[in-house]
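S.K.: Single-letter residue listing:
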Amino acid sequence: DARVTQTPRDKVTEMGQEVTMRCQPILGHNTVFWYRQTMMQGLELLAYFRNRAPLDDSGMPKDRFSAEMPDATLATLKIQPSEPRDSAVYFCASGLTDLGPQFFGPGTRLTVL
Amino acid sequence: GESVGLHLPTLSVQEGDNSIINCAYSNSASDYFIWYKQESGKGPQFIIDIRSNMDKRQGQRVTVLLNKTVKHLSLQIAATQPGDSAVYFCAEKEGTYKYIFGTGTRLKVLA
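From first to last, the protein sequence lines are chains A and B.
Here the numbering used here is used: the first residue of the first sequence is 1, the next is one more, and so on.
Here the numbering used here is used: the first residue of the second sequence is 1, the next is one more, and so on.
Just so you know, the hints here were simulated from the structure itself, not pulled from any lab data.
Nothing here was measured: the structure is a model prediction, and the numbers come from that model.
One should not assume that every hint holds.
[Unchecked claim] Over 10 Å on every C-beta distance to chain B, these chain A residues come out as not near it, computed from the model: (1) L43; (2) L45; (3) K78.
[As the list claims (entries may be wrong)] Here are the computed lysine-lysine pairs in the DSS-like style, where the Cα-Cα straight-line distance is at most 25 Å: (4) B/K68 <-> B/K42; (5) A/K78 <-> B/K42; (6) A/K78 <-> A/K62; (7) B/K42 <-> A/K11; (8) A/K78 <-> B/K98; (9) A/K62 <-> B/K98; (10) B/K98 <-> B/K42.
We put the CB at the ideal spot given by N, CA and C, even for glycine.
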């Protein structure tokens, strides 16, 4: 049963600390997305990769967020420095192509104190 | 893990009855739609999708109906079970890869 995996599942950190979230997309999927979900804003697209190339990061605060795909099995989202307003659930999703559905991971619940 | 907002519309359904969850979409040019189910503390789970060249698509216990005239999408769940309790939201494809996600409906299954 192929699934998107994410680590850590929960992260509590203090303001100013670096946070790194990791995602393993489904093997063979060529598109990877990072989303942030909050009660008030719902799902917001942060970054989009196709064939490991970053094609859209317009949803991310550029000065503190960065997203990379070092290889086809790993996508990372980093926040440095973290701020309390970054507290949210961060989801990674992958898809076989742009033409079909995205499949979401279980999320990382981030709390910045 | 709610989709959005503190006051999601709620649909309460008796176990065994059919559920119908509705979604209005915004762009008449959208050509692809997805329904997701999100249980508390989990990620959105793909249920079923439909392309704009279809009006109806059936899966296991679920049916999605698309009415392009009024830009309306619905998800029908047959013989609703306790495990169906979750937030359901639709996603409308915008452009090549972006999606507009609906606000979500909370489904409560009554025993």
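S.K.: It remains to establish, for every hint, whether it holds in the given structure.
M.R.: Taking the hints in turn, this is what the structure says about them:
no.	hint	result
1	L43	5 Å, violated
2	L45	6 Å, violated
3	K78	20 Å, holds
4	B/K68 <-> B/K42	31 Å, violated
5	A/K78 <-> B/K42	21 Å, holds
6	A/K78 <-> A/K62	11 Å, holds
7	B/K42 <-> A/K11	15 Å, holds
8	A/K78 <-> B/K98	22 Å, holds
9	A/K62 <-> B/K98	19 Å, holds
10	B/K98 <-> B/K42	22 Å, holds
In this structure, the earlier hints numbered 1, 2, 4 are contradicted, and the remaining ones agree with it.
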